[in-house]
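Chemist: Residue numbers (this note's numbering), protein chains in the order written: chain S, 301 to 473; chain E, -1 to 213.
No lab work stands behind these hints, which were simulated from the structure alone. All C-beta atoms in this analysis are idealised placements derived from N, C-alpha and C, irrespective of residue type, glycine included. One thing to keep in mind: the hints can contain errors.
[Claimed, not checked] For each label pair, taking beta carbons as the anchor points, the in silico distance ranges come out as:
hint	chain 1	residue 1	chain 2	residue 2	range
1	S	PRO341	E	THR47	50 to 56 angstroms
2	S	PRO407	E	ARG117	18 to 24 angstroms
3	S	ASP442	E	PRO128	25 to 31 angstroms
[As the list claims (entries may be wrong)] Stretch-level coverage of chain E by chain S, calculated; a stretch enters the list once three of its residues show a Cβ under 8 angstroms from a Cβ in chain S:
hint	segment
4	73 to 81
5	85 to 99
6	168 to 174
7	189 to 197
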Amino acid sequence: MSHRRCSVWLRTRCARMLNAMIATFAIIGACVAPPAATETPVAAAGDLTVLAPAAIVLPSSAALYFAVVNHGNSDDTLLGISCTTARAVELHQSLEMHGVIRMRAHPEGFAVPAHGRLVLEPGGRHAMVVAPDLDETPRALDLTLHFARAGDVALRVPVVDPSDLATGDEAHS
Amino acid sequence: MNISQHRSHQGARLCGVQTLALALAAIFAACMSGTPHRSWNGTPVEPATSAPHLVGVNWDGEPLDLAQLQDRVRIVFFGYTFCPDVCPFALAKMQQLYRALGPRADDVAVVFVSVDPKRDTVAKLSRYVPGFDRRFYGVRLAPDALDRVADDFGITVRYGRPPDGGDGNRYFVDHTGTFFVIDRRGNLRLTFPPSARAGDLLPDIEALLEDAGGS
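Based on the provided sequences and hints, a complete structural model is requested.
Modeler: In structure tokens:
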């Protein structure tokens, strides 16, 4: 085989290997990509819609997660949340720096920017249910979200298992 | 030989050198893929050192000595049951890891260590940890033992202040969320950040399980 033919053969071979690698990574990427949260609104008020609510309820703690989409031209603020079966619901944010987890309260509320969204998710912004008055783990929690502009929004939040929300379901051997 | 002939000849030689280099690189890569060298998803602890001493009470009331879990790979992490957001998901990731390991999970000890001995009584841990998996350990350390263990693992534990005029039992605990992985021999081998997924831990844990003998 001449130098030129050998070089072309190698380049073709390398290109094929590269394409195969790209395809493999694309497949892996498609497999491990988190499923898109449902975009079906479960509640609405004014310019706001609420998506993908979920609660985890454990013996000593409970947390709420959801997303709020603001379709309007004005910013709004989630001022607070009330729950008839809890002493209080507080807005918090988990932060990680150099491996250290910190929790900070946000009594001022969370902004919902115009044409933007507020996302409450594990490891980030979330709502903590204080001293839930529960005899057993409920199937859902009934809440009222209080917004500065849009007013109150009633929301039923299904209780899920933490492993349903934890990233890492792609752990298959 | 005129200039154009000379350039053509030089070009052919360069092409040949490139081809040879490519071939050698391909052979080298092929050889390397067959060697036992491993790249870890976690951060290796180098040199591997003996895991710190950790003795407390498990959620079932039995004493728990980390060193006595020998011959098992151990995953140690710190948290508290009043933690609403991060700690439940750390435990949930361990559930996912156990599911992925199947029967091999019995050779992996998951050890959740409370950084909040004031509120996390053994009774409290018994209502929390087995809800994720009864095979998980949920350990309460005496406060002075926790201080020593925190120093030995190099973790941060900071207690927040209860709200003014409020319930003195309501406070946050800032704490390191690292996963510490200990091999079958009892050596601290790897660490993973709090954001690590079960899928990140899985291949490293599998490799440590297969590595019956060594560090």
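Chemist: Now look at each hint and say whether the structure bears it out.
Modeler: Hints, one by one, checked against the model:
{"no.": "1", "hint": "S/PRO341 x E/THR47: 50 to 56 angstroms", "verdict": "holds, 53 angstroms"}
{"no.": "2", "hint": "S/PRO407 x E/ARG117: 18 to 24 angstroms", "verdict": "holds, 23 angstroms"}
{"no.": "3", "hint": "S/ASP442 x E/PRO128: 25 to 31 angstroms", "verdict": "holds, 29 angstroms"}
{"no.": "4", "hint": "73 to 81", "verdict": "holds (count 3)"}
{"no.": "5", "hint": "85 to 99", "verdict": "holds (count 11)"}
{"no.": "6", "hint": "168 to 174", "verdict": "holds (count 5)"}
{"no.": "7", "hint": "189 to 197", "verdict": "holds (count 6)"}
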